[in-house]
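The listed protein sequences derive, respectively, from chains F and B. Here the first sequence stands for residues 680 to 902, numbered as in our numbering. Here the second sequence stands for residues 26 to 346, numbered as in our numbering.
Derived by calculation from the structure, the hints in this document are not laboratory data. Errors might be hidden in some of the hints.
To be verified - Covered stretches of chain B (chain F as the covering partner; in silico rule of three or more C-beta atoms under 8 Å from a C-beta of chain F):
{"hint": "1", "segment": "85 to 99"}
{"hint": "2", "segment": "160 to 169"}
{"hint": "3", "segment": "280 to 292"}
{"hint": "4", "segment": "296 to 309"}
If you're wondering where the values come from, they're calculated on a predicted model, not measured in any experiment. Cβ atoms here follow ideal geometry from the backbone N, Cα and C, with glycine treated the same way.
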Amino acid sequence: MTPGAGPVGTGGDAGTGVRIRAVGAAGVLVEVDDPPAAALAARQFAGESGATLVEVVPGARSLLLLARDPADLDRLRPRLHELVGARRPPGAGDTTPEPLEIPVRYDGADLHDLAERTGLGEDGVAATHSGSTYRGVFSGFAPGFCYLEGLPSVLALPRLPEPRQVVPAGSVAIAGCYSAVYPRSTPGGWRLLGRTAVEVWDPERRPPALIRPGTAVRFVPER
Amino acid sequence: MGTARCPALGPTPTPTPTLGPGLVVLDPGRLTTVQDLGRPGHAHEGVPPSGALDLPSHRLANRLAGNDPTAATLEITLGGLAVTLEGPGPARAIAVTGAPTPLLVGGQPAPLYLPVGVRPGETLVLGTPGHGLRSYLAVAGGIAVATTLGSRSTDLLSGLGPPPLRAGDHLPLGPPPPGPPPPGLDVAAAASPAAAGTAARPSVVALHPGPRPDALAPGGWETLTSAAWVVAPASNRVGLRLAGPALRTVSGELPPEGMATGGVQVPPGGQPVVFLADHPVTGGYPVVGVVDAEADLARLAQLRPGSVLRLAVGASPPATP
């Protein structure tokens, strides 16, 4: 089998913008055009999880479905396109209805540098960052760390050339096209805008992650 | 008639502090962690699946000790563990499976892959395995440390679950299961893990293409599935790092996407990583194939650094719609 001949196990459907790639015998990676579609599909598939699906994992432009066994996946196959490519009114169902408000004290270690790089000034950076509504797209890096899309492009800067050994828990940070809240103290290379007292990760809470794929978020400056 | 005189009760007696039945760690060896079936179902929140890497050995140890498969065992990396059973309570069945180590119970040699009775006060000592990497110790009642998201597993990537064992730790045990261990176990087939691969006799696992075999430059898939890969020293519960011919990819970095246990990722350096249970849940480098059979993942769990591994082309995945 030569993969050079084309993606193995890929089904395509130009009409719905959905591509399906096999992940072993009991998994598929569904590529979608936009993250809202992945978040929406993830919520639709969430009804299946536990029974037949072990994991439903949104990516930036994809959805990974891992079934308990190949037979469970086969039962889902006929519905994959229907669920992932479902037509919907723009904006409907792709995020939680009311944005989650995260109070932020904009006093982060990189705020001054960002103010100078962007020419916005410190207040301008805070106003720009807090002026957008964000949407959780996918999780990674650490439990409860959810990548948020919606960052105004003027704030889109690469990660720090040298990551910090310690980023405090609750740090509100940006990198590339994303913003995020550090759930706990870890090393990290994102640029730090400020801090929130909100605990975005609590293993005793159900669900433990406050910000998940599909969660709408607004950052509110603290006085 | 007066009222009855109450005798002075005196101070409330302080109960003797006791930790209850447990294992006291004398020597944790190089790395010993608590493991069960892990915490799948939370990947969308950034939580790795975790859990015992060699699941058949974990289950077998529990069966031999009379436990449910969900009971927590100790995953011992390259032997070296010494623990003492502390009372109160009766003698308990224990079982050691996985990588075969010399086993001493109360100073006497004891068999692997069989239930062994241990009395309170007796010490278990595991030597260095002759081959393989990870041994599993089950104790009747299971290791009863607190759960996180329904699991007692140590996740070395995310830090969830109990930290790796340290000398002096006291690991509580659950109530021993009623009755003797189930009879009629046929453990011969599972008794010995696949011998660690050598250049002359490499370990072989089945590799399914996908999700992105097309991310490999022409000829890359053939190289991946024909080379003798050497397990690198940086391998751990997160992944098996393989050293061999450099693989080239055509796609570079991708929008981050979900990754499965057993996924073979090709980072820019071209040396593949096979993800094990504590793997990151999403990643941006292409995953070109998947090792997904439980028996194959168990083989990977038993490979020491320096072992030789071949990734054979597995059965094609079922057709997609």
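Next item on the list: List in ascending order the numbers of the hints, as given earlier, that are violated by the structure.
Entry: 1, 2
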